[in-house]
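In order, the protein sequence lines correspond to chains A and B. Every letter in the first sequence is one number past the one before it in the working numbering, and letter 56, counting from 1, is 56. Every letter in the second sequence is one number past the one before it in the working numbering, and letter 171, counting from 1, is 171.
There is no bait here: all hints are sound.
Once the Cα atoms are required to be at most 27 Å apart in a straight line, the calculated DSS-like pairs of lysine-lysine come out as:
{"#": "1", "chain 1": "A", "residue 1": "400", "chain 2": "B", "residue 2": "164"}
{"#": "2", "chain 1": "A", "residue 1": "249", "chain 2": "A", "residue 2": "114"}
{"#": "3", "chain 1": "A", "residue 1": "392", "chain 2": "B", "residue 2": "61"}
{"#": "4", "chain 1": "A", "residue 1": "397", "chain 2": "B", "residue 2": "80"}
{"#": "5", "chain 1": "B", "residue 1": "139", "chain 2": "A", "residue 2": "15"}
{"#": "6", "chain 1": "A", "residue 1": "392", "chain 2": "B", "residue 2": "117"}
{"#": "7", "chain 1": "A", "residue 1": "400", "chain 2": "B", "residue 2": "61"}
{"#": "8", "chain 1": "A", "residue 1": "397", "chain 2": "B", "residue 2": "164"}
{"#": "9", "chain 1": "B", "residue 1": "19", "chain 2": "A", "residue 2": "397"}
{"#": "10", "chain 1": "A", "residue 1": "88", "chain 2": "A", "residue 2": "234"}
{"#": "11", "chain 1": "B", "residue 1": "19", "chain 2": "A", "residue 2": "400"}
{"#": "12", "chain 1": "B", "residue 1": "61", "chain 2": "A", "residue 2": "397"}
{"#": "13", "chain 1": "A", "residue 1": "15", "chain 2": "B", "residue 2": "142"}
{"#": "14", "chain 1": "A", "residue 1": "238", "chain 2": "A", "residue 2": "63"}
{"#": "15", "chain 1": "B", "residue 1": "117", "chain 2": "A", "residue 2": "397"}
{"#": "16", "chain 1": "B", "residue 1": "142", "chain 2": "A", "residue 2": "16"}
{"#": "17", "chain 1": "B", "residue 1": "80", "chain 2": "A", "residue 2": "392"}
{"#": "18", "chain 1": "B", "residue 1": "80", "chain 2": "A", "residue 2": "400"}
If you anchor each label on the Cβ, the simulated ranges turn out as follows:
{"#": "19", "chain 1": "B", "residue 1": "145", "chain 2": "A", "residue 2": "261", "range": "49 to 57 Å"}
{"#": "20", "chain 1": "B", "residue 1": "116", "chain 2": "A", "residue 2": "395", "range": "20 to 28 Å"}
{"#": "21", "chain 1": "B", "residue 1": "145", "chain 2": "A", "residue 2": "346", "range": "51 to 59 Å"}
{"#": "22", "chain 1": "B", "residue 1": "208", "chain 2": "A", "residue 2": "397", "range": "30 to 38 Å"}
{"#": "23", "chain 1": "A", "residue 1": "27", "chain 2": "B", "residue 2": "116", "range": "38 to 46 Å"}
{"#": "24", "chain 1": "B", "residue 1": "61", "chain 2": "A", "residue 2": "367", "range": "52 to 60 Å"}
{"#": "25", "chain 1": "A", "residue 1": "283", "chain 2": "B", "residue 2": "128", "range": "36 to 44 Å"}
{"#": "26", "chain 1": "A", "residue 1": "276", "chain 2": "B", "residue 2": "21", "range": "42 to 50 Å"}
{"#": "27", "chain 1": "A", "residue 1": "283", "chain 2": "B", "residue 2": "195", "range": "48 to 56 Å"}
{"#": "28", "chain 1": "A", "residue 1": "267", "chain 2": "B", "residue 2": "61", "range": "44 to 52 Å"}
{"#": "29", "chain 1": "A", "residue 1": "276", "chain 2": "B", "residue 2": "128", "range": "48 to 56 Å"}
{"#": "30", "chain 1": "B", "residue 1": "116", "chain 2": "A", "residue 2": "383", "range": "27 to 35 Å"}
Since the hints were derived computationally from the structure, they do not count as laboratory data. Glycine included, C-beta positions come from ideal geometry on N, C-alpha and C.
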Amino acid sequence: MLLLTLAWRNVWRNKKRSFIITFAIALGLWAGLFLVSFYNGMIGQRLDSALRIEFSHIQIHAKEYQHDYELKFCIPESGQMMEQLKSKDSIESVSGRVIAYGMLANARGHAGLKTYGVQVGTEKSLTRLFEKIVEGDYLSPSANNEMIIGRALAKKMSIRVRSKVVFTFEGMEGNLVSTAFRIVGFYETHNALFDEHNAFTNISNLDTLAGIPGSLHEIAIFVKPGVEIEQIQKHIQKEYPQTIVQTWKDISPELSYTSSMTDQIMYIYMGIILLALSFGIINTMLMSVLERTAELGMLMAIGMSNYRVFGMILLETFLLVASASPAGFALAMVCIQYFGKHGIHLEKYKDVYQNFGYSSTIYPTIQMHQFQQVISLLIITAFLSSLAPAMKAIRIKPLKAIRK
Amino acid sequence: MKQDIVISVQNISKIYDEKTIPVIALQDVSFEVEKGEFIAIKGPSGSGKTTLLNLLGGLDKPSHGNIQIGGHEVSSLSGKALVEFRLNHIGFVFQSYNLIPVFTAAENIGFIMQLQKINSDLIHKRVQELLIQIGLTDKANKRPFELSGGQQQRIAVARALAGKPQFILADEPTANLDSKTAFHLLDLMHELNQKEQMTFIFSTHDQRVIERARRIITLEDGRIVSDQRDI
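The shape of chain A in the complex, shown without the other chains (with noise of 0.2 Å):
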């Protein structure tokens, strides 16, 4: 209670001094906060944005289509295997696909185009594309030969809503299959490059079309919340051997890799502004301990051991940083659900995002976890930044520093 006293008291003896660096360590954990949170929104809503329209929680794929995307590897007893799915607790949705890679053509031109054939109701319960819509209307169930393409694709081919466009694909004997579709909608996610290369139609016009009806080249499954991904997929696959269960994480390991990355690079992040903090700390810490070099001299004299005095600099140093965090936090805090709220709008940078398939509205947001390592952080900092000061305390010779 003592060193504490002490200790306090003698943070704020020199208060103007004491305010700009906790002032400095405050503006520092805001920056800091909000950048991870910053870094934080911009990944999630790729990934949100890349479950909930590209890759979804689980895919299954029958064995050859891994290597070979050809219209023949379909999905073994795809119509049992869905059903066998849908009634399982853990899975919150299931859903079927028809994929056929080909050509989209119009007096305007052409370009290359997967297009995808979705069981349109369930897909709307798996997927958000339907919530996309920027022009025109989502595909109905009933309808034949409707198509929905990315607005980009759209720009590109100078394609109107209602305007009809011709598909051409590889059929199952290797013969070339061509259809007209009208399009009815175009839909606009934050991947720019999704939106150019992906098409959507009901399944039963493709899979005739393809010849193989009722089949399914993909099935792509959405997990309850909480429940673990990796789990449902081993046990899904130890069900099914003839097929490959993947994890988005297998589909796409970039996205996984990137946002594992998130404590990363919140380390990165508040280890390069700590570090620069931690400067200005010392510095702080070193002239407070010289100009009482007499004082602490004189602490020594009578009686107050080394080990007290490097603990009295060590408080000294952690109520600094102490008194500056909760200003920090308050701040980060008030601007992360300001802006989670509101979003930051990049519009300015809008297609650049897009190109690399991150919105250019962003909601910055943090996690607890992320708190708590920041104040182990900040721990570390006050204790490491203490050090030179409180050696510097104890080097002191009570004799020499009590003349002065």
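Following the hints, complete the assembly by docking chain B onto the known chain A.
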């Protein structure tokens, strides 16, 4: 009589820069201090007064000879043991008061006892007693910068006394005080010496202090040239 000896100094010498250009600060100094003595160590500048006080306070080590305080060989102590020894056996009063500026008068007085880990009730009681003795009860909650030089030095004396040391070392305690304040301080120390049987050792060349002392040790060129008792 011998069991009342607080300090025994035997043939101590202090030579600075022994390996380069030796400067002899003290040479073959021996004396004993009994409990309750009120001693002034006088001598011109450079005679070795402060060096002797530093050696007695365990702040420096003699080049030769030994110092025994309460049966402990001080020159053989080092590190934590020496700090503990200073804390529990010696009270210090410095020329420039050296109070802790962030503590109040009462907290400054109680500081040593806090370091000694004495019960807080006892600390409070002792601090109140000492504040009454030094006549500064109304200044208990004042910080050093709110007190005059004389008041600060009285607080410093009370702080030195608080931990119940075996003796108090005071290095030129009146040097920064005007005559009136210096007399008041000397009166106070004399009173404490009488009441608490506290041993005081001053280094001084202030005639006012010397006149109050009951024993005067005179140093010249690092040697004791006279040791007058019961004057």
